[in-house]
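Peer 1: Listed below are the residues making up each chain.
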Amino acid sequence: MTTLDRTSRVVSPPPRSIDGRIWLLMRYSGIALIPLAWIHVLIQDVLVGVHRIDLDYVALRWATLGWRVYDMALLAFAFAHGMNGLRQVLEDYITRERPRRLVRWGLFAAWLVITGIGAAAIVGGVGRGAGEVDGS
Amino acid sequence: MSPLRTVITGSVHYRGREGQLAFILHRLSGLGTLLFLALHILDTSTVYFFPALYKEALALYRHPLFMLGEIFIVAAVLYHGVNGLRIALFDLFPRLWRAEREKPSVYTTLAVTVVLWLPAAFIMGRSLIGHTFLGWE
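Protein sequences, first through last, are from chains A and B. Residue numbering for the first sequence is 68 to 203, as defined by the working numbering. Residue numbering for the second sequence is 3 to 139, as defined by the working numbering.
Keep in mind that the hints are not guaranteed to be accurate.
Distance condition first, Cα-Cα at most 25 angstroms in a straight line; then the derived DMTMM-like pairs of lysine to aspartate or glutamate [unchecked claim]:
id: 1; chain 1: B; residue 1: Lys105; chain 2: B; residue 2: Asp45
id: 2; chain 1: B; residue 1: Lys105; chain 2: B; residue 2: Asp93
id: 3; chain 1: B; residue 1: Lys57; chain 2: A; residue 2: Glu158
id: 4; chain 1: B; residue 1: Lys57; chain 2: A; residue 2: Glu164
id: 5; chain 1: B; residue 1: Lys57; chain 2: B; residue 2: Asp45
id: 6; chain 1: B; residue 1: Lys57; chain 2: A; residue 2: Asp123
id: 7; chain 1: B; residue 1: Lys105; chain 2: B; residue 2: Glu20
id: 8; chain 1: B; residue 1: Lys57; chain 2: B; residue 2: Glu72
By construction, these hints were calculated from the structure, which means they are not laboratory data.
Using the sequences provided together with the hints, build the complete structure.
Peer 2: Next comes the structure, spelled out in structure tokens:
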């Protein structure tokens, strides 16, 4: 056995398995989320504030295609990153294979359904009959 | 002993210090943000599916307790991002890592988080006080 050089660190390249790719994806999506999520929070929560947000505001924002693309990217990256994080946390405490598989498929299904709902809303935009909203 | 109990009691006795603290905060901030995010995706989706209900969702967001919670959600999002960047940098570029950089990197993470959070907390806190006590529209 070789003595570890305590001032350096070895990270072996992630294996070419699904888990290895997910490991890498967590780092890449995490880095992408820093500008994506922070700018979103900065604009909506800090600069605009929830008291100035309503249907008209959402309709105005989504009138720009770029913001829809932005929101779609945020939805895709953030929720997948979060649900996989939850999977990792749960798998640290669930060691038996059957409950583990149940958790994996349950989280995958929840991720798919909620992402689908969010994506439908971003594509569909502010619904008709919403009042004074300037729709088509 | 169940793994969950081990982690709770172990976190108290285990002297992992800075690294352990960073790890626990990363998990808590991530889970908190995820809980908020799931709720946020679903309530925002009402603008398409049930536009009339969006008002109700906004009323919840404008509640003083929710606004207070939101200030802490922002802290969680900032910490999770800064600490995540620290993890990703050390993982993707192992040559950057030195044993003696480990502890200072945690303190740097906490400091950067606080510096980014204070102005946001100030603006959001002002809005919270204004809308709750001063009758801002």
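Peer 1: For every hint, state whether the structure bears it out.
Peer 2: Taking the hints in turn, this is what the structure says about them:
1. B:Lys105 - B:Asp45: Not satisfied, since the Cα-Cα distance of roughly 40 angstroms exceeds 25 angstroms.
2. B:Lys105 - B:Asp93: Given pair Lys105 (chain B), Asp93 (chain B) holds - Cα atoms ~16 angstroms apart, limit 25 angstroms.
3. B:Lys57 - A:Glu158: Roughly 38 angstroms between the alpha carbons, so the hint for Lys57 (chain B) and Glu158 (chain A) is violated.
4. B:Lys57 - A:Glu164: 44 angstroms, violated
5. B:Lys57 - B:Asp45: 10 angstroms, holds
6. B:Lys57 - A:Asp123: Given pair Lys57 (chain B), Asp123 (chain A) holds - Cα atoms ~11 angstroms apart, limit 25 angstroms.
7. B:Lys105 - B:Glu20: 6 angstroms, holds
8. B:Lys57 - B:Glu72: Holds, at about 18 angstroms.
Taken one by one, the earlier hints fail for this structure at numbers 1, 3, 4, listed in ascending order.
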